[in-house]
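Protein chains: 2
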Amino acid sequence: MARIVMKFGGTSVGDISRIKNVAQRVKREVEAGNEIAVVVSAMSGTTNQLVAWAREIASLHDAREYDTVVATGEQVTVGLLALALQDLGVNARSWLGWQIPFRTDGIHGKARIEKIETELMIERFDQGQVAVVAGFQGIGPDNRITTLGRGGSDTSAVALAAALKADRCDIYTDVDGVYTTDPRIVSRARKIDRITYEEMLELASQGAKVLQTRSVAMAMQFGVRVQVLSSFEDKPGTLVVDEDEIVEQQVVTGIAYSPDEAKITLVNVPDRPGVAATIFGSLADAAINVDMIVQNVGQNVAATDMTFTVGKTDVDRTASVLAGLRSDLQYSEIVTDPNVCKVSVVGVGMRSQPGVAKTMFQTLADKSINIQVISTSEIKVSVLIAAEYTELAVRALHTAFGLDAPAAAGDD
Amino acid sequence: MARIVMKFGGTSVGDISRIKNVAQRVKREVEAGNEIAVVVSAMSGTTNQLVAWAREIASLHDAREYDTVVATGEQVTVGLLALALQDLGVNARSWLGWQIPFRTDGIHGKARIEKIETELMIERFDQGQVAVVAGFQGIGPDNRITTLGRGGSDTSAVALAAALKADRCDIYTDVDGVYTTDPRIVSRARKIDRITYEEMLELASQGAKVLQTRSVAMAMQFGVRVQVLSSFEDKPGTLVVDEDEIVEQQVVTGIAYSPDEAKITLVNVPDRPGVAATIFGSLADAAINVDMIVQNVGQNVAATDMTFTVGKTDVDRTASVLAGLRSDLQYSEIVTDPNVCKVSVVGVGMRSQPGVAKTMFQTLADKSINIQVISTSEIKVSVLIAAEYTELAVRALHTAFGLDAPAAAGDD
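Protein chains in written order, with my numbering: chain S, 2 to 413; chain F, 2 to 413.
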């Protein structure tokens with residue numbers, strides 16, 4: 002017998018027949034003798050409709066009222082799923098954020114979980130009852146509904162698994178696991194059986210949008226074993242676990258790419274102390290997230306070119322912040338380039354295995370792909386390249402690091 | 002300064018622009034210096050959709066899950082209305098049933114209100130805050146959401162007005178008040194300025210569906226002054242008050258008709274003690290509501306014909322209950338007639354003014370309308386007639402009792 006948290010996203014509960022399908026999957030786990038808590042999102046599309054209404058009614062939200070409105074999506078799904086389970090003869094009840102209670106801080110719209118009181122739920126497990134839990138929502142110190150921000154249901158599930166000391170947290174989604182890279186680009190991409198939290202974090206934040214970054218970080222913090230698997234097919238997915246659960250480590254686990262960044266270059270910035278602090282301090286004040294940063298010595302030895310990347314949607318705001326610094330920094334111009342893509346090679350194994358960067362650069366050079374910016378961490382190497390080379394680069398790296406599936410295309 | 006509960010039904014909050022319109026009306030009352038609690042229903046159509054989903058997922062409901070699902074409709078509206086009010090510069094916050102709390106018994110799906118804790122709300126009135134309250138919902142002793150049954154938002158509003166000791170409970174609806182009869186039948190029907198609780202109860206239960214019967218009974222019990230008025234036009238409606246608030250009483254206040262009843266006759270029932278108890282006891286056990294009852298002496302002096310009315314939707318069940326009694330009662334046949342209509346003349350004044358029944362019967366006789374069953378109470382006389390005469394009877398009675406508007410059609 003195991004205690005398992007199962008989480009189903011909006012697509013998996015998108016209509017009545019899909020909710021019934023979810024009930025069948027839950028029933029199978031119950032019949033296998035497991036204690037089950039199911040966390041569900043709103044039916045797909047519902048949250049968008051609720052958000053649209055709130056925006057239409059008032060341009061500036063009171064986040065407390067916004068939370069009251071959008072939390073109804075999950076409230077509908079938990080009730081319907083509990084009914085569907087009962088209809089299959091499974092003892093089940095729904096739990097709303099305020100009923101558990103799922104205590105959060107008071108930051109409405111993006112609350113952080115503080116404490117989940119699970120005593121009552123565990124009592125009901127002993128009676129064979131399945132807990133159907135509304136994701137994405139909690140209750141704040143003001144006794145009002147708080148939401149965790151978009152995608153927060155993954156975080157709800159992992160936090161609940163931690164509080165329940167669950168054996169596993171199964172995240173059901175519309176893909177069947179985490180792949181060595183995007184299968185739409187590389188047909189021979191392989192599903193990864195086991196991946197470490199650190200690798201998953203890098204892949205998630207690099208654009209492999211299977212799990213919310215925040216939920217992975219939380220799983221790592223509390224040691225929750227997370228499985229990503231398909232809600233439509235019946236086969237094992239990818240297990241996200243601690244490094245010591247992975248016996249045979251590969252040097253490189255996956256290749257990620259992120260087309261959502263843009264490159265900004267400040268030309269001829271005076272090379273004096275405090276310049277970087279001025280630039281990146283001002284951007285941080287404007288809540289603009291900067292990713293890669295490099296500083297090149299330009300033609301003029303007394304000045305440098307400063308290059309960095311920001312999210313594509315932040316380009317205009319970044320340019321306006323920088324324009325305000327011109328009299329101070331005396332740079333000669335701002336050059337922005339949205340036609341770039343960040344490609345990353347990720348793997349815990351590269352810590353002990355040198356030569357990954359060299360292989361990466363050589364592979365790209367062989368395809369005549371120019372590297373614009375490089376950044377590295379302990380478990381990844383990222384490069385910025387022209388966007389048009391994205392597919393070529395990802396395919397070449399996937400082959401170079403031995404990730405291609407041996408069998409027919411798309412099969413693992 | 003007055004303390005007023007305003008209630009808006011589903012049509013009045015049916016879309017975003019209507020919710021904004023409601024916010025404007027609330028704002029006017031606030032600017033007039035009043036303390037305001039607004040009770041709202043779900044956007045029209047929403048509750049039906051939620052109920053349909055619950056039915057589609059499982060034929061037998063767990064009423065606790067059903068309540069969790071359907072209560073979301075009002076939760077959306079209170080959040081949106083609070084946002085709309087804030088957008089107009091009005092200090093407002095939403096209150097859900099469990100937040101107030103609005104304590105009910107544990108009968109999910111048709112809970113009864115036990116206690117409303119209004120201390121916090123009244124504190125906020127002192128700070129100039131409008132309370133936006135979810136109708137139709139409360140919380141049960143099991144800490145789960147309970148609903149009051151369909152139409153329960155009127156009851157929520159009246160109960161809240163009683164708890165807040167409000168000066169008035171304004172029920173905004175899609176008609177502009179209570180009429181002397183259905184204006185679709187009688188173009189010269191007049192809007193009634195003031196009507197007693199008792200009269201309103203008779204009119205409501207006789208088919209003038211403006212206010213839920215239950216909310217009128219509650220208003221009478223707690224002496225809540227209720228006003229029925231239009232949410233789309235800006236003019237006074239009908240005030241439902243205690244008899245002593247009505248200075249000049251008319252003998253007859255209104256004419257109601259109910260096409261939803263069917264006539265059942267049991268022919269040749271033995272005329273012995275206990276027969277009526279057997280018949281109506283069995284129907285009550287089957288939860289069939291019987292309205293009018295008459296007993297005629299038939300051809301045979303040792304037997305009678307027993308005639309009564311039940312709701313049209315209960316005819317088949319009634320026939321089957323009666324069939325089960327045949328060996329006991331030895332009646333000769335069951336005759337059912339769904340083509341009937343009950344027409345009632347209602348007025349508190351008839352207590353002190355005899356002759357109403359005589360005028361009613363004479364008026365119908367003059368139009369050659371045959372009376373099939375008669376029943377009377379202190380403040381009403383009802384007759385059952387063939388359904389095809391309904392409009393003719395209602396118009397003739399409206400004129401006979403001096404209710405026709407003096408001016409042009411439809412104007413008061």
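Bear in mind the hints are in silico, worked out from the structure with no lab data behind them.
Think of the CB as a built atom: it goes at the ideal place given N, C-alpha and C, for glycine as much as any other residue.
Possibly wrong hints are sitting among the right ones.
Claimed, not checked - Below 20 angstroms or equal to it, Euclidean Cα-Cα: the simulated EDC-like pairs (lysine to aspartate or glutamate) are: (1) F:Lys166 <-> F:Glu57; (2) F:Lys368 <-> F:Glu392; (3) S:Lys21 <-> F:Asp243; (4) F:Lys21 <-> S:Asp329.
Stated by the list, open to error - From chain F, some residues computed to sit far from chain S (all C-beta separations above 10 angstroms): (5) Glu32; (6) Leu61; (7) Thr73; (8) Val77; (9) Leu81; (10) Glu389.
How the hints compare with the structure:
1. F:Lys166 <-> F:Glu57: Since the Cα atoms of lysine 166 (chain F) and glutamate 57 (chain F) sit roughly 42 angstroms apart, the hinted pair is violated (cutoff 20 angstroms).
2. F:Lys368 <-> F:Glu392: holds, 12 angstroms
3. S:Lys21 <-> F:Asp243: violated, 53 angstroms
4. F:Lys21 <-> S:Asp329: violated, 48 angstroms
5. Glu32: holds, 19 angstroms
6. Leu61: violated, 8 angstroms
7. Thr73: violated, 4 angstroms
8. Val77: It is violated; valine 77 (chain F) is separated from chain S by about 5 angstroms at its closest Cβ, not greater than 10 angstroms.
9. Leu81: Leucine 81 (chain F) not clear of chain S: closest Cβ-Cβ about 5 angstroms, inside 10 angstroms.
10. Glu389: holds, 44 angstroms
The structure fails to meet hints 1, 3, 4, 6, 7, 8, 9 from the earlier list, while all remaining hints are met.
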